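Since the structure of chain A is provided, determine the placement of chain B on it from the hints.
Each chain, letter by letter, is given below.
There are 2 protein chains.
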Amino acid sequence: MIAEIIAVGSEMLTPHRQDTNSLALTAELNQLGVQVAFKTIIGDSQKHLTGATLMALHRADIVVFSGGLGPTEDDLTRNAVAAALEKKLERDPKLVLALKQRFAARKQEMPEINLRQADVIEGAESLPNANGSAPGQFLDTVHNGYRKLLILLPGPPREQAPMFKEQCVPKLRALLPQRHIATRSLRIALAPESQIDARVSPIYKQYPDVDTTILFNQQGEIQLHFACSKPTQEEAEDRVEELAGKCAQELDDLVFAHEGESLEEVVLLMLGMRHLTLSTAESCTGGLVAERLTRIPGSSRAFLGGAVVYSDELKTRFANVPKNLIRTHGAVSREVAVSLAEGIRSTTGTDIGIGITGIAGPGGATLNKPVGRVYVALASAEGSEVQELNLTGERERVRWFSSQHALDMLRRHLM
Amino acid sequence: MIAEIIAVGSEMLTPHRQDTNSLALTAELNQLGVQVAFKTIIGDSQKHLTGATLMALHRADIVVFSGGLGPTEDDLTRNAVAAALEKKLERDPKLVLALKQRFAARKQEMPEINLRQADVIEGAESLPNANGSAPGQFLDTVHNGYRKLLILLPGPPREQAPMFKEQCVPKLRALLPQRHIATRSLRIALAPESQIDARVSPIYKQYPDVDTTILFNQQGEIQLHFACSKPTQEEAEDRVEELAGKCAQELDDLVFAHEGESLEEVVLLMLGMRHLTLSTAESCTGGLVAERLTRIPGSSRAFLGGAVVYSDELKTRFANVPKNLIRTHGAVSREVAVSLAEGIRSTTGTDIGIGITGIAGPGGATLNKPVGRVYVALASAEGSEVQELNLTGERERVRWFSSQHALDMLRRHLM
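In order, the protein sequence lines correspond to chains A and B.
With the first letter of the first sequence counted as 1, position 314 gets the number 314 in our numbering; the numbers rise by one all the way through.
With the first letter of the second sequence counted as 1, position 50 gets the number 50 in our numbering; the numbers rise by one all the way through.
With the rest of the complex left out, here is chain A (with noise of 0.2 Å):
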């Protein structure tokens, strides 16, 4: 079964916003079975709809509609899918009546033109919105000879990812082919790319049956997805963890993560099963390894904080960091990494201490320190480590590779 998802909105064609609903469906629909085979970015006119749905129904078997659902004129999903299908839209009494109730309860008059929202393409079933005045629609028709599944979901993300699992996944398990299937997935932290393909394939090229998937991103990370269908979920699963239990084997201590979980959850799950507690003397990187690691719900129980020191001052006075250790060695230094790193870990009384200094540019270079380098330093009741880093690229990318190279320095630790 191959879907299409069209997104409907002139606001995703401009340079400032996109579409990323599709994501979430995407997710959903492959969980069923479905292969989401064409993505469509429109935008709000009533022709170039209708002739994307005309084309959409040509090649796919599912279509859903992301947008174009609310009351204004610019709110055209349900005029062209009923155009497209040759189809009438039926005025709903009793949408008409829980629109008007809608407003009703919020003491507001409703305008006439909203009840352009209780307008059901003809045999669709009307879906109720929990969260919002947009009903979407689900229809299972017969077009040009071919069954064809239509569902027309609000564009708002609070609004359309309830109504599409509670309401259209079991429709649709309903609907399609029983299918059984199971996913895995590892992620790797700064692995060089051809590394692991070079390693993993030719373990996974004995598993034709499994639908291997490898993703670098630009954030020093690589995720390898598993999935497999077969006739019972049991077969499925062994299937996959067997894929995945064999590239982890040989991947070893590059793989992070075998359920999906973040580096920065790891780390703290490591840092939670040893009762321990980490703080953090941040320079180049401004707090951005607190940041991520504060992201997570709970981390408060073995992060306890830290210090972001820009200045040098600041490096004496909170992770004292001796005056003269900087002028000797410079504050971009392996030696003030160190220091950063037991000097925070002392003041703030945690187990581990984090330190990192270094040139995350435009400026800063220097003949002997070009923008890159940076320091990495951990220190425990083990002493201290230290790693140099000469990063490539902008800005960010130097920054965010630093913070990624501490919370894997970190997670090495630990293990």
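One or more hints might be untrue.
Simulated pairs of lysine to any residue, SDA-like, Cα-Cα distance not exceeding 25 Å [said to hold, decoys possible]:
no., chain 1, residue 1, chain 2, residue 2
1, A, Lys148, B, Thr50
2, B, Lys323, A, Gly298
3, A, Lys47, B, His58
4, A, Lys230, A, Gln218
5, B, Lys148, A, Met1
6, B, Lys87, B, Pro128
7, B, Lys205, A, Thr14
8, B, Lys165, A, Thr14
9, B, Lys205, A, Ser10
10, B, Lys205, B, Pro128
11, A, Lys100, A, Ser10
12, A, Lys88, A, Gln35
13, B, Lys47, A, Ser10
14, A, Lys47, A, Thr14
15, A, Lys165, B, Gln218
16, A, Lys246, B, Pro128
17, B, Lys94, B, Glu109
Covered, in the sense of this in silico footprint (three residues per stretch, anywhere, with C-beta under 8 Å from a C-beta of chain A), are these stretches of chain B [claimed, not checked]:
no., region
18, 286–298
19, 371–383
Quick caveat, the hints were computed from the structure, so don't treat them as lab data.
Remember, predicted model here, so these are calculated numbers, not experimental data.
Even glycine gets a Cβ: it sits at the ideal position worked out from N, Cα and C.
Then chain B, alone, in the frame of chain A:
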């Protein structure tokens, strides 16, 4: 002139990855007076891609392809476009030579399959790629009696962006009717969306020749974009200048940027102009304010650093918050926020200190203090101010809006 962008690559049809190149392409095309009316995302299937190309040739004047120009069997853009146009692919001996030299320079032998990258669609001009092995292609042709421009670009952003900007934009400018386009934008933080539209719509409706777009994002920011096309650049500039000026006057201090600057850039600029220094003591935001400020090159001139004080002990150690103040009022309180701001200001010796404490969730709520309750304080030589926030939404949203309020509070203080 209407354009369609076709992004090619099966990875962009997974839940893990999406097309982002089209945003920069759209910005460049808009500057040429070309509207992007369609975006299609399609997998590595010659049948699907040929069909999508035919559809694009039917509905658009300019078709830009992004990706699928690599050397592997999955790279099908050249073949699919040639098939849709019913044109031949011709192997260009000059490109063959260039490819061989590229490999020779790296002391590698070129695999036979890489020769595919030297295949050029009949009549197309080849575009050299300074940052990779895949040349682009530019074709000015007639299809079914209509003139069509087709552009094939490599997928990686650092190859695509310079190729389009440096090679395609000049070609398009020479071919397209001469247009003079001026643009302006205003950025607004933390204002109710409906209020902004109500205040500016009576103004921009008097300028039907200026294209006005209001964009709301999920990050507490509203952007007003103005674009105008006139026979001369001066006329276009005058017109957007006049409208942007009137809207800015109406919105007064809600507008934080008139030239597209970010909120971080604006506050750092204001601090710099007044020769003031800043420090932060962050609890629930975990370093997010520091991290946002230090994204900006040169931020070290005004921002000296600060502390991430997740634990109560660190609030006392780094920002001198009296232990009994925390005992009496709780760590999440107006009093502790002020004490954090004043304490970090005095321990760091900066002109201004910012303190943030709150409950980001999902845990941590008490009977009197729900998730989303945050206190943001600012201390300066003139005294201290504090704001109570009651934010809704997930942890990430609470943290982001807290940082947004802190930066906007600082901006207003500096005005």
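Structure-based check of each hint:
Straight-line distance between C-alpha atoms of Lys148 (chain A) and Thr50 (chain B) comes to about 23 Å, which keeps the hinted pair within the 25 Å bound. For the given pair, Lys323 (chain B) sits about 23 Å from Gly298 (chain A) by alpha-carbon distance, which is consistent with the 25 Å threshold. A hinted pair counts as satisfied when its Cα atoms are at most 25 Å apart, and Lys47 (chain A) with His58 (chain B) qualifies at roughly 13 Å. Using a Cα cut-off of 25 Å, the hinted pair Lys230 (chain A) and Gln218 (chain A) is violated, with the two alpha carbons roughly 34 Å apart.
Taking the CA atoms of Lys148 (chain B) and Met1 (chain A), the gap is about 34 Å. The hint is violated against a cut of 25 Å. Between Lys87 (chain B) and Pro128 (chain B) the alpha-carbon distance is near 21 Å, which keeps this suggested pair within the 25 Å criterion. With a C-alpha separation of about 20 Å, the suggested pairing of Lys205 (chain B) with Thr14 (chain A) holds against the 25 Å cut-off. For the suggested pair Lys165 (chain B) and Thr14 (chain A), the alpha carbons sit about 18 Å apart, so the restraint of at most 25 Å is met.
With a C-alpha separation of about 19 Å, the suggested pairing of Lys205 (chain B) with Ser10 (chain A) holds against the 25 Å cut-off. Distance check on the hinted pair: Lys205 (chain B) and Pro128 (chain B) sit about 46 Å apart at the alpha-carbon level, beyond 25 Å; violated. With a C-alpha separation of about 29 Å, the suggested pair Lys100 (chain A) and Ser10 (chain A) falls outside the 25 Å cut-off, and the hint is violated. At roughly 30 Å between alpha-carbon atoms, Lys88 (chain A) and Gln35 (chain A) are farther apart than 25 Å, so this suggested pair is violated.
A C-alpha spacing of about 28 Å is found between Lys47 (chain B) and Ser10 (chain A), which places the hinted pair above 25 Å, so the restraint is violated. Of the supplied pair hints, the one linking Lys47 (chain A) and Thr14 (chain A) holds, its CA atoms being roughly 19 Å apart against a limit of 25 Å. The suggested pairing of Lys165 (chain A) with Gln218 (chain B) holds, with an alpha-carbon distance near 22 Å, which does not exceed 25 Å. Under the criterion of a C-alpha separation no larger than 25 Å, the hint pairing Lys246 (chain A) with Pro128 (chain B) is inconsistent with the structure, at around 42 Å.
Between Lys94 (chain B) and Glu109 (chain B) the alpha-carbon distance is near 18 Å, which keeps this suggested pair within the 25 Å criterion. Remark: the region 286–298 of chain B is confirmed as covered by chain A, as 11 of its residues place a Cβ nearer than 8 Å to a Cβ of that chain, reaching the required three. Only residues whose C-beta sits within less than 8 Å of a C-beta in chain A count toward coverage, and the region 371–383 of chain B has 0 of them, not enough to reach three; the restraint is violated.
Taken one by one, the earlier hints fail for this structure at numbers 4, 5, 10, 11, 12, 13, 16, 19, listed in ascending order.
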